[in-house]
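Protein sequence lines, in the order shown, are assigned to chains D and C. One point on numbering: in numbering that gives the first Met the number 0, the residue at position 120 of the first sequence is 119, and numbering is uninterrupted. One point on numbering: in numbering that gives the first Met the number 0, the residue at position 118 of the second sequence is 117, and numbering is uninterrupted.
Rather than coming from a laboratory, the hints here were simulated on the basis of the structure. Please note that the accuracy of each hint is not assured.
[Unchecked claim] Straight line, CA to CA, 27 Å or less: simulated DSS-like cross-link-like pairs of lysine-lysine: (1) C:Lys482 with C:Lys335; (2) C:Lys128 with C:Lys117; (3) C:Lys126 with C:Lys214; (4) C:Lys138 with C:Lys181; (5) C:Lys345 with C:Lys335; (6) C:Lys543 with C:Lys345; (7) C:Lys295 with C:Lys128; (8) C:Lys482 with D:Lys305; (9) D:Lys305 with D:Lys377; (10) D:Lys192 with C:Lys117; (11) C:Lys8 with D:Lys377; (12) D:Lys147 with C:Lys225; (13) C:Lys543 with D:Lys50; (14) D:Lys216 with D:Lys18; (15) C:Lys357 with C:Lys128.
[Said to hold, decoys possible] Covered stretches of chain D (in silico footprint by chain C; criterion: 3 or more residues with CB under 8 Å from a CB of chain C, positions within the stretch not fixed): (16) 279–290; (17) 300–314.
Think of the CB as a built atom: it goes at the ideal place given N, C-alpha and C, for glycine as much as any other residue.
This is what each chain is made of:
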Amino acid sequence: MYKTYETGFRSQRMSIKEKLMNISFWYVMFICILAAVGITMLYSAANGHWKPWAVNQLVRFGMGLGVMIFFALVDIRLLMRFSYAFYFFTLLLLVVVDVTGHVGMGAQRWINFGFFKLQPSELMKIALVLVLARYFHSVPLSTIESSKGLIQPLLLVLIPAGLVIIQPDLGTGLMLIMTAGAIFFAVGVQLWKFGVVFAAGIIMAPIAWHFLHDYQKDRVLTFLNPERDPLGAGYHIIQSKIALGSGGVFGKGFLNGTQSHLNFLPEKHTDFIFTMLSEELGMIGAVMIILVNFCIIAYGYSFAMKSTSYFGKLVAIGLTTNYFLYVFINTAMVLGLIPVVGIPLPLISYGGTVMLSIMASFGILLSVHINRNVTVGKE
Amino acid sequence: MNRDNDKGKVLINRSLIMAATKAFLLLCIIGRLYYLQVYQADKFKMLADENRISTRLLIPQRGIIYDRNHRVLATNEQNFQALIVAEQAPNVQDTLDAFKKIMPLTEAEEERIRRDLKRNRSFVPIKVKDNLSWEEVAKIQLNASDLPGIIIDDGLNRAYPYGEKTAQVIGYVAAVSDGDVKDDSLLEVPGFKIGKSGIEKYLEHRLRGKGGILKMEVNAYGRVMKEIEEIEGVPGENVVLTLDARLQEKAYEAFGEQSGAAVLLDVDSGEILAFVSTPAFDPNDFTQGLSNEKWKALVENEKHPLINKAIQGQYSPGSVFKPIVALAGLESGVIKPETRFFCAGKMFLGNHPFHCWKHVGHGYLNVVEALMHSCDIFFYETALRGGIDKIAEVARRFGLGKAVGIGLENEKSGLIPDKAWKYRRFGEPWQLGESLISGIGQGYILVTPLQLATMTARIANGGYEVVPTFFPLSAEQKDNIKKISVNKEYLDLVKEGMFDVVNIPGGTAWRSQFDYQGHRMAGKTGSVQVRRITLKERQSGIIKQEDLPWKYRDHGIFIGYAPADNPKYAVAVLVEHGGGGSSAAAPIASKILLESLKLDPLGVIRKK
Chain D
0 MYKTYETGFR
10 SQRMSIKEKL
20 MNISFWYVMF
30 ICILAAVGIT
40 MLYSAANGHW
50 KPWAVNQLVR
60 FGMGLGVMIF
70 FALVDIRLLM
80 RFSYAFYFFT
90 LLLLVVVDVT
100 GHVGMGAQRW
110 INFGFFKLQP
120 SELMKIALVL
130 VLARYFHSVP
140 LSTIESSKGL
150 IQPLLLVLIP
160 AGLVIIQPDL
170 GTGLMLIMTA
180 GAIFFAVGVQ
190 LWKFGVVFAA
200 GIIMAPIAWH
210 FLHDYQKDRV
220 LTFLNPERDP
230 LGAGYHIIQS
240 KIALGSGGVF
250 GKGFLNGTQS
260 HLNFLPEKHT
270 DFIFTMLSEE
280 LGMIGAVMII
290 LVNFCIIAYG
300 YSFAMKSTSY
310 FGKLVAIGLT
320 TNYFLYVFIN
330 TAMVLGLIPV
340 VGIPLPLISY
350 GGTVMLSIMA
360 SFGILLSVHI
370 NRNVTVGKE
Chain C
0 MNRDNDKGKV
10 LINRSLIMAA
20 TKAFLLLCII
30 GRLYYLQVYQ
40 ADKFKMLADE
50 NRISTRLLIP
60 QRGIIYDRNH
70 RVLATNEQNF
80 QALIVAEQAP
90 NVQDTLDAFK
100 KIMPLTEAEE
110 ERIRRDLKRN
120 RSFVPIKVKD
130 NLSWEEVAKI
140 QLNASDLPGI
150 IIDDGLNRAY
160 PYGEKTAQVI
170 GYVAAVSDGD
180 VKDDSLLEVP
190 GFKIGKSGIE
200 KYLEHRLRGK
210 GGILKMEVNA
220 YGRVMKEIEE
230 IEGVPGENVV
240 LTLDARLQEK
250 AYEAFGEQSG
260 AAVLLDVDSG
270 EILAFVSTPA
280 FDPNDFTQGL
290 SNEKWKALVE
300 NEKHPLINKA
310 IQGQYSPGSV
320 FKPIVALAGL
330 ESGVIKPETR
340 FFCAGKMFLG
350 NHPFHCWKHV
360 GHGYLNVVEA
370 LMHSCDIFFY
380 ETALRGGIDK
390 IAEVARRFGL
400 GKAVGIGLEN
410 EKSGLIPDKA
420 WKYRRFGEPW
430 QLGESLISGI
440 GQGYILVTPL
450 QLATMTARIA
460 NGGYEVVPTF
470 FPLSAEQKDN
480 IKKISVNKEY
490 LDLVKEGMFD
500 VVNIPGGTAW
510 RSQFDYQGHR
520 MAGKTGSVQV
530 RRITLKERQS
540 GIIKQEDLPW
550 KYRDHGIFIG
560 YAPADNPKYA
570 VAVLVEHGGG
580 GSSAAAPIAS
590 KILLESLKLD
600 PLGVIRKK
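Extracted from the complex, chain D is given alone in its bound form (with noise of 0.2 Å):
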């Protein structure tokens, strides 16, 4: 549809107009109906009622909508000249949030600005997307395939996946560390590298447990063995797992998931909200949402093919494995796949934070395909 406004071969600039007309309309109808079956849910998990969560999500959602509009008319060049202060901006905000953190469910993630709490952990994701994405643009093959020229790139993962660890926030910190091993893999580290840092991991393991926080121990055993503490660590999945498997093919109904409205699932507007989708939906909404998410994917996978830039096409890949990452975690976390971690499913989940920066890459996403013919220079 929106090739019809595709301006021609190697034109620079684009009115706000033609970018508009640019934005892919599909993109952005998949984001819309996540959005409006979050918003539908968050209804239901307040059992019928607009407040308190469904309001502020539709209020939410409408300025995540603003954001990523915004994001999608800059310029690809702009936001690659500004990647490190970007980044740096950031990093400076994490150890503002290390230093003078509010607390906020028991972890130093926010800063409070009063009408809203910025989570910088979250932008930098993003940031982190960008500032490697330009690295990797300007560097040849040579230096990627080299050993010496992944000192600059690891570091720029390291230190902020550090900051954000000791927040302590270990499951965004290794959604950091993943995205950024998705664009070293992208951009053609050799397999054996990634072999030498997994088989580091594997010997590094019994170090790290020895300094995991309790709960999060916890959470790793309980994984193992959801059993060991049924009415404790282990309670979340357990009744997970339940108001999932009880969901069947065709689900409760819409406002009759027995575990969720009777409070067994915790959480349920939240992390949890997958597991009320699917207990209230059944296994078709449940399986209507992983397509819909997949068909978001595939089309930042498709701007990543159609972007004629490499830093364009490095932002995509990034941003949307950042988005997959979310996904899957979150899902697989529910479905007993993997330990329980704090990661919402984006776009359905009740909060802000992720919501607006969600919105944010995916503005980024569809600047990339806007500006797919722009030539980016080295610099």
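Once you have looked at the hints, place chain C on chain D.
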């Protein structure tokens, strides 16, 4: 530029691998969804229902126990309770304070309420006070506006209208304890009570019924959201006993303050018309939880109100055993109806003297006269000649030495000794002197009042093997009562002796006779020494029973039946430390038999 192309190719290749990996991982998610939501759906549906559905057992109404005329012996009474629901009270303490102004609460009660409030979630009703009267309920309802959170709930309490008079038969119900057999999930229900003794225990399963089931939907905190379904239970079976509540009451009252037991039987069927053990306890106290003081008083009472003396008390029968000895003598031929022995007040076996209760002696008497006067010497002689084995055999035929098995707990079997028993028990041969004292019902012989009643009924009915029971016999069962092999002529002699005991001047129970429209009673007295009479006492003359401390006085026993000429009712009365059979037991037995003739629950007495 070439390298840049390579760089781009690598990126595309690697990206495609990553895309494929992502697609695969999302497929894994779908696979997992299939596994949980299709393959294991049934299991999780069940688990979700287990979470959501809370099942409550509804206590069935316990069966009512009636006497033979459908008078209520045990029933269920409405019990009003005041409960408090914390979440409905803006301030629990204020409500409780307001409640105290209407109805005082003890320290202990307040303590319990506070504890229960702390232990339970705020929507769980907590008992404030139970067993409220109608007036109290009305008062609470009148002040309902000052008592937010207080609700009135009605349950059922077991009640025994005849109280202690039927306590030893009916028993009582109480909360389930650790030792009880948990054969029914009802027993897990808080507040559920089961039969702990007596008929309540014996017929527990018939009286209990089957619990109903109330299925409710609850949330994760246990709050009831809605009722799903209710399955009605089955109320317990009502039971009719053979007792006659009026006679039961009269028999109990006849004892006054005395400690003892009485069993009244229908001589033709063995149906138990009255069955008392005195003093008893009030079973109504037990159902509502006995206070420590009351329990202590019951346990420490020297008259043992918790013991069912009619079946758990084993006593030497004394002279009431003499009819058995007489029958044994007659059957074995060692005495004939006309045989007379001389009573000089004492006799010797070797060098050892054996005394008759009458020191001056009875002179010559035959078996009928010996029974009438309860002459000891005559029965010493008879026992000596007849031998213990013959006596034991007759005694067993008449129901002694073996537990009847009426269903009440801890029934004792008594003891009828013989030579083999002595050897088994002590490894020593039987002594002649032991036969001799067995002739007057002393020595090893032990009987329960219930066994004595059985024996009396079997003598009175002309030798039919009736077995005492609390449950009405069918006509067929009555027709099938076996005959004991006994010579009617001998039995008539014994009965003649028992008639004379009561109705001829000089008979040991002459003072207790009655004539109710021409109907009279027959019987036999017995006195049982509780301690040995020392030689010194014998020389210094007999000490009056009344002068002895209560627990050293003789037991008084009387067995009797009426009407004497056509026996219908048989009774055995034992008065612990009553002083003697004729003075203590016979008057009580006489009262009971006279009442049974007057009330005639069997409808067999010809009114003249």
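Here is what the structure says about each hint:
| no. | hint | verdict |
| --- | --- | --- |
| 1 | C:Lys482 with C:Lys335 | 23 Å, holds |
| 2 | C:Lys128 with C:Lys117 | 17 Å, holds |
| 3 | C:Lys126 with C:Lys214 | 23 Å, holds |
| 4 | C:Lys138 with C:Lys181 | 40 Å, violated |
| 5 | C:Lys345 with C:Lys335 | 22 Å, holds |
| 6 | C:Lys543 with C:Lys345 | 21 Å, holds |
| 7 | C:Lys295 with C:Lys128 | 24 Å, holds |
| 8 | C:Lys482 with D:Lys305 | 114 Å, violated |
| 9 | D:Lys305 with D:Lys377 | 19 Å, holds |
| 10 | D:Lys192 with C:Lys117 | 61 Å, violated |
| 11 | C:Lys8 with D:Lys377 | 18 Å, holds |
| 12 | D:Lys147 with C:Lys225 | 68 Å, violated |
| 13 | C:Lys543 with D:Lys50 | 95 Å, violated |
| 14 | D:Lys216 with D:Lys18 | 49 Å, violated |
| 15 | C:Lys357 with C:Lys128 | 64 Å, violated |
| 16 | 279–290 | holds (count 5) |
| 17 | 300–314 | holds (count 6) |
The structure fails hints 4, 8, 10, 12, 13, 14 and 15 (numbered hints given earlier, in ascending order).
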